[in-house]
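**Q** Spelled out, the chains give:
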Amino acid sequence: MSERVFITGTGIICAIGNTTQVVLESIRQSKHGIGFPTFLNTIHQFDFPVGEVKYSNNELYDLVQPKKKTNLSRTALLGMIAAKEALKNAGIENISEFRTGLISATTVGGMDKTEIFFPSFINNPNSGRLRNIITHDCGDSTEQIAEHLGIKDYITTISTACSSSANAIMLGARLIKNNILDRVVVGGTDALTKFTLNGFNSLMILDKSHCRPFDETRNGLNLGEGAGFVILESEKSIKINNKNIICELKGYGNACDAFHQTASSPDGYGACLAISKAFETSGLNPEDIDYINAHGTGTPNNDLTEGKAIEKIFGNKDPMFSSTKSYTGHTLAASGGIEAVFSCLAIQHQLIFPNLNFSNQMKELEISPVNTLIHNKPVRNVLSNSFGFGGNNTTLIFSKY
Amino acid sequence: MQCGSSVYQTMNKKYIIEKYCIIRDNTVSLDDKEIYHDEKEKSFSDFSKGLYKYSKIDYPKFYKMDNLSKLGFITSELLLKDHEWSANRDETGLILCNSSASLDTDINHQKTISNKIDYFPSPAIFVYTLPNIMIGEICIRHKITGESAFYITEHFDSSFIFQYVNYLFEKNIVNECIAGWVEKYKEKYESVLFLIKKKEKNCKDCKGNIIFDIENIEKIYNKKF
Amino acid sequence: MEEIIIQLKKEIIEALNLEEMSPDDIDADAPLFIEGLGLDSIDALELNVLLEKKYGIKINTAEEGKKVLHSVRSMAEHILNHQKKN
Chain C
1 MSERVFITGT GIICAIGNTT QVVLESIRQS KHGIGFPTFL NTIHQFDFPV GEVKYSNNEL
61 YDLVQPKKKT NLSRTALLGM IAAKEALKNA GIENISEFRT GLISATTVGG MDKTEIFFPS
121 FINNPNSGRL RNIITHDCGD STEQIAEHLG IKDYITTIST ACSSSANAIM LGARLIKNNI
181 LDRVVVGGTD ALTKFTLNGF NSLMILDKSH CRPFDETRNG LNLGEGAGFV ILESEKSIKI
241 NNKNIICELK GYGNACDAFH QTASSPDGYG ACLAISKAFE TSGLNPEDID YINAHGTGTP
301 NNDLTEGKAI EKIFGNKDPM FSSTKSYTGH TLAASGGIEA VFSCLAIQHQ LIFPNLNFSN
361 QMKELEISPV NTLIHNKPVR NVLSNSFGFG GNNTTLIFSK Y
Chain S
1 MQCGSSVYQT MNKKYIIEKY CIIRDNTVSL DDKEIYHDEK EKSFSDFSKG LYKYSKIDYP
61 KFYKMDNLSK LGFITSELLL KDHEWSANRD ETGLILCNSS ASLDTDINHQ KTISNKIDYF
121 PSPAIFVYTL PNIMIGEICI RHKITGESAF YITEHFDSSF IFQYVNYLFE KNIVNECIAG
181 WVEKYKEKYE SVLFLIKKKE KNCKDCKGNI IFDIENIEKI YNKKF
Chain B
1 MEEIIIQLKK EIIEALNLEE MSPDDIDADA PLFIEGLGLD SIDALELNVL LEKKYGIKIN
61 TAEEGKKVLH SVRSMAEHIL NHQKKN
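Chains as they are written, first to last, in the numbering used here: chain C, 1 to 401; chain S, 1 to 225; chain B, 1 to 86.
Hints were generated in silico from the structure; no laboratory data involved.
Here the structure is a predicted model, which is why all the values come from computation and not from measurement.
A portion of the hints provided could be inaccurate.
[Stated by the list, open to error] Partial chain S-side listing against chain B, Cβ under 10 Å, derived:
1. G50
2. P60
3. K64
4. S114
5. D157
6. Y221
7. F225
[As the list claims (entries may be wrong)] Per label pair, the in silico range of CB-to-CB distance:
8. S:S45 with B:K10: 17 to 23 Å
9. B:K85 with C:K31: 44 to 50 Å
10. C:I240 with S:D205: 28 to 34 Å
11. C:Q350 with S:K116: 18 to 24 Å
12. B:R73 with S:W85: 51 to 57 Å
13. C:S120 with S:T27: 36 to 42 Å
14. C:I134 with S:N222: 51 to 57 Å
15. C:N41 with B:E19: 23 to 29 Å
We treat Cβ as the ideally placed atom computed from N, Cα and C, and that holds for glycine.
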């Protein structure tokens with residue numbers, strides 16, 4: 001039975017680029033993707049900056065070049081692009097050569113199309129184009145991605161809010177460790193929609209300016225969109241194919257905060273549990289971590305809770321940490337997958353990414369994120385947090401091989 | 001999908017379905033017994049309120065939940081009544097699935113933002129446009145801090161549930177798990193929740209316990225009352 | 001003032017799904033949050049929506065919200081002041 005799980009490919013599309021290479025360049029140049037939306041048709045167009053992918057749906061179609069020109073939601077298109085890049089990056093040409101699965105995650109599914117249909121339909125049940133709702137279900141975007149990649153052995157969808165794709169990565173690792181699959185495409189995708197923009201606005205946790213994670217003056221999050229996928233492979237699969245290893249998925253943990261539907265507990269109990277479980281499965285200790293890619297949404301609540309949890313677990317040996325959401329916005333279900341790609345890049349290129357927009361240390365914390373790109377420190381082990389509504393907290397640990 | 005079912009029990013432990021609760025067709029059953037039935041044709045909202053009052057659950061937050069969470073919550077309340085909790089609630093897992101995610105509530109949220117003039121999105125509705133909030137509600141109620149997850153599958157998938165929970169037990173990630181299916185879309189609803197426990201193979205109070213395996217999961221899901 | 005308080009109590013019960021309560025169960029002077037009714041942050045947001053929807057009042061900051069939403073009476077006073085201005 002395979003005990004170790006490796007990452008052999010990454011794929012990403014988000015506000016700062018449509019491939020892993022472009023995204024890396026943007027980060028190096030401190031180029032963020034936050035601004036007012038161009039493609040999302042919303043009355044809030046100039047109220048809230050977002051991390052929009054800089055391609056219209058037609059342009060995404062051209063990038064995807066789907067086999068059938070069926071109705072594809074923006075969520076599915078983003079997922080197809082990132083998942084395909086991950087497979088190519090891993091050098092996988094013959095998908096059926098080994099037992100291969102797809103675990104995708106999403107919160108909105110095909111909502112971007114559904115909300116076009118709805119206003120017509122609600123006024124007159126006979127109007128509205130039905131083709132706009134057939135892609136609605138969360139599972140549909142996963143099925144579209146699977147069909148695009150030719151994956152048939154195992155397909156499933158996770159929906160646990162902002163921890164969704166981190167949980168997808170966890171499940172993928174377990175399927176490999178239990179010899180059910182040899183390799184698995186794991187991650188998530190979410191598109192910007194009026195549904196989420198208005199919903200988050202009703203919770204009053206959106207920032208009307210560029211978000212400032214872990215800053216004393218932070219005032220909320222910027223929503224984002226995108227997709228991030230990695231390829232997990234078993235030791236056996238790598239040996240047979242003489243694969244290039246990007247890094248190892250060393251540990252993971254999930255726990256429930258059990259405090260409130262949308263707020264995290266003030267002492268970060270659930271976060272601490274998830275982080276501890278990840279250490280347990282990895283066999284590593286806090287002092288082994290070189291970089292934390294934090295969940296860091298920029299909301300008063302999350303950053304305080306997460307900051308407290310980091311202080312509690314790491315004591316005065318806290319590693320460098322940052323949130324990359326001031327580059328991409330909060331991509332909801334895709335965030336775990338997108339940030340897994342960032343974690344892989346950190347290890348591959350020995351970089352620690354800056355927390356853009358940070359100036360003032362939070363008065364409740366003794367720690368601060370890094371605010372410049374660090375390239376002269378060894379990056380052996382990276383910890384990535386994804387904390388979702390409903391108190392669903394997941395932590396992943398990636399290690400240099 | 002291969003499941004490796006021959007290795008599902010470790011040397012000294014066995015996994016049993018200690019209890020199960022099924023709610024569908026205006027009927028509630030706990031293990032083998034029907035415990036509640038509402039004759040009248042009712043909306044799910046009214047049915048659930050009737051059941052809540054009948055069950056004498058004292059938890060006013062119930063009324064703020066959306067229908068999916070109400071269904072999951074009340075099924076788990078009946079399942080966990082008189083449950084003997086261990087000191088460590090991070091040893092309890094919660095793994096749920098359905099096929100429509102939170103679509104039932106998504107529609108309600110969409111209605112509140114569709115009219116550009118009468119435009120009042122409700123934060124209380126938006127909160128429930130994620131199926132895992134139902135998990136959150138159950139965890140908040142019982143202070144469960146173990147592993148939890150929500151999966152979308154086209155139909156009730158007994159082998160998926162078995163495989164996932166079995167793994168959590170095998171790896172000592174949890175010692176007990178609430179798992180199952182909670183589906184609510186328009187007037188269609190059904191929930192089937194299992195309380196699965198890890199027990200000593202020769203445990204004294206295990207006589208007649210149902211072994212946790214795919215066949216028994218299927219049998220219970222398909223029970224008619 | 002008393003009329004607004006009675007009306008407000010009914011509207012709060014409806015907006016926050018306080019099913020098992022009647023207006024008589026709510027003390028107009030008791031705090032709405034933490035103690036008293038023990039409402040939470042989502043309830044606070046819903047009360048903001050109620051004020052805007054039924055009374056045309058917008059709460060702009062968290063500090064303003066804390067003052068206005070302290071009790072049913074403070075909400076009623078705020079509504080009366082707003083009605084006098086307009």
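**Q** So which of the earlier hints does this model not fit?
**A** When the structure is compared with the hints, numbers 1, 4, 5, 6, 7, 10, 11, 12, 14, 15 turn out to be violated.
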